[in-house]
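Asker: Spelled out, the chains give:
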Amino acid sequence: MSVVRNVELAPPSSRRGLAVLFPGANRWRVPLSVLTLCILPWVLPSQALAVNVLIYGLLAVGYNLLFGYTGLLSFGHAAFFGAGAYATGIAIGTFGVNWFVAMVVGLAVAGFLATIMGMLAIRTRGIYFSMVTLALSQLVYYTALQASSWTGGENGLRGFTVSTLSFPGFSLNFLDPLVKYYAITIVVALALWFVSRALNSPFGAVIEAIRENETRARACGYNVERTKLLSFVLSGILCGLAGTLSAMHLSIVPLDSLHYQTSGLIVMMTLLGGAGSFFGPFIGALAFLLMEDIFSLWTTNWQLIVGVIFILFVLYLPKGIWGTLISWGKGR
Amino acid sequence: MTVQLIAMQLFSGLALGAILIMVALGLSIIFGMLGIVNFAHGALFMVGAYAGLYVAGLTGSFWWALVLAPVLIGLFGMLIERFLIRPLYGRSPDDPLLLTFGLGYVLVEAVRILFGTDGIPFSTPAALRGVVNLGIGFFPLYRLFVIGVVLAVLLLLWLGLERTKFGLIVRAGSADPLIMRVLGVDISKLWLVVFGIGVGITALGGVLAAPMRNVSPEMGTLVLAEAFVVTVIGGMGSLAGAVIAGLIVGVAVSMTSLFAPEMATIVMFALMALILLVRPNGLYGRAAPGL
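Protein chains in written order, with the working numbering: chain A, 1 to 332; chain B, 1 to 291.
These are computed hints drawn from the structure, not numbers from a lab. None of these values were measured; they are calculated from a predicted model. We treat Cβ as the ideally placed atom computed from N, Cα and C, and that holds for glycine. Zero decoy hints are in this set.
FRET-style restraints, in silico, Cβ to Cβ:
{"hint": "1", "chain 1": "A", "residue 1": "G153", "chain 2": "B", "residue 2": "I179", "range": "51 to 57 angstroms"}
{"hint": "2", "chain 1": "A", "residue 1": "T300", "chain 2": "B", "residue 2": "W63", "range": "32 to 38 angstroms"}
{"hint": "3", "chain 1": "A", "residue 1": "W193", "chain 2": "B", "residue 2": "D186", "range": "52 to 58 angstroms"}
{"hint": "4", "chain 1": "B", "residue 1": "G135", "chain 2": "A", "residue 2": "R226", "range": "54 to 60 angstroms"}
{"hint": "5", "chain 1": "A", "residue 1": "D293", "chain 2": "B", "residue 2": "P125", "range": "44 to 50 angstroms"}
{"hint": "6", "chain 1": "A", "residue 1": "R226", "chain 2": "B", "residue 2": "A127", "range": "57 to 63 angstroms"}
{"hint": "7", "chain 1": "A", "residue 1": "S149", "chain 2": "B", "residue 2": "L274", "range": "24 to 30 angstroms"}
{"hint": "8", "chain 1": "B", "residue 1": "A175", "chain 2": "A", "residue 2": "T300", "range": "46 to 52 angstroms"}
Starting from the given sequences, assemble the full structure and let the hints guide the process.
Answerer: Set out below in structure tokens:
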């Protein structure tokens, strides 16, 4: 499957590329990424944009674990993003639990949904997988639309706000934009550290082996189905985490966050930045949101420009921005 | 709940199934022959409906729209194959999928610019208004007409594929492109034509659906999901599979809306999940390529 491009995208080679640019970059990739994220609110046009880069970047990082590293093109990850967001919102709004419990609930619901969807989708292969994930996520979308007494239906979920993050002994004012930004950065940093550890573990090696050659991975004795499912669930939980952060940030969960167009957005961001690279998804989210920010000042039809740019990337730069930079670094 | 009511609902299920077959056919043909999942399918369906609207506005006749719009959009589809998809042959099977997804995005925005963001009503042609008494109840004439067109398209496709030299070459080309090239057949021309036909049929579906569904830039999003459900249940690339799956889904949706209306949109996805548990490649499917 997709031997040619996947070899080009292979992280082992891209890591070698990074190592040429900065020796030891692989070991320092989490601190370097977090440092970059800490600077964002001071260099981007607005802090609102910076928060979005954090949340969508995390979403793309979670998605990249499945698409970039395991080689499974899912078109249904909006389901986990939305499920995390809805579960957090409902936990706070309806049941009045505190923010930490609400986040845990969000992750649990996203993980549960990912387990069920994963068990169904992993039975299929290749492009069937993309279609099945899309159709199953639309099932979630229509279920949320029908269960309007819980989810608010078409109007989205409203009526919950997180104004302070209370810890034992102290509390943070979550309404202050900068406090909010850095609080979310801490969560994202933890998630990045987790992803980095997972990729460096034997599990990380096995998912890349499955992407490169599933038959050979199976012949080597790895349980391909279980590994794929684990990757699917981890990826879903990370996307769910992005959803819980989005719900706490916006105090509203739009119904569209479950729609497959959102899944498409995640795919586009990941591919723009560079699937299969560690920091690429953040670059992709940043590039996408910056384009939206800039083009939407000129025209309401900014999606036309973004769509054309995406098509050009698929045709001419399938490694994405970061992946292309890395391979240049390697070439020199 | 009389027998008559159930019979009527069964029949509208079959009619809905005919529309779903029409919705899924273009996707299934392009996949079956070229091995490409066309994610712009929904958008092209919508573009077909708008093209029908435009032609009907120019000529004042639904019949011209029914003939001209699919031809025009089919030619447009050939341009897409030639300049966007052809460079991707030989690369990962994910690449055409991603590209057509981006294309769908662009087409929806382009239609918003050209025709506005609001839905446009498309009236049923005068000759096809009204209802017909079927003996078990009254049924809209237009829906019967759609069933007829779908049957005609299916018959033409079957004759074209099974009874003509061109169909023979297409089937051989989809079975083994390499051997066909060795035998001196220009396979890229073949794929160009097949892609054009697939897109044309998709556009025809759009024109036919226009009087039943509101014509809006977003009408393609549901279509894409529906087409996926039908092709996944039937088995990708199988025409017989698409027909049977379309009818099963149509009847299932129709029956559900009789007993539990709020579940009607959900049932087709649940049905797909169920079929996948039993047959991961669909009812008539072959294994996905690329693995």
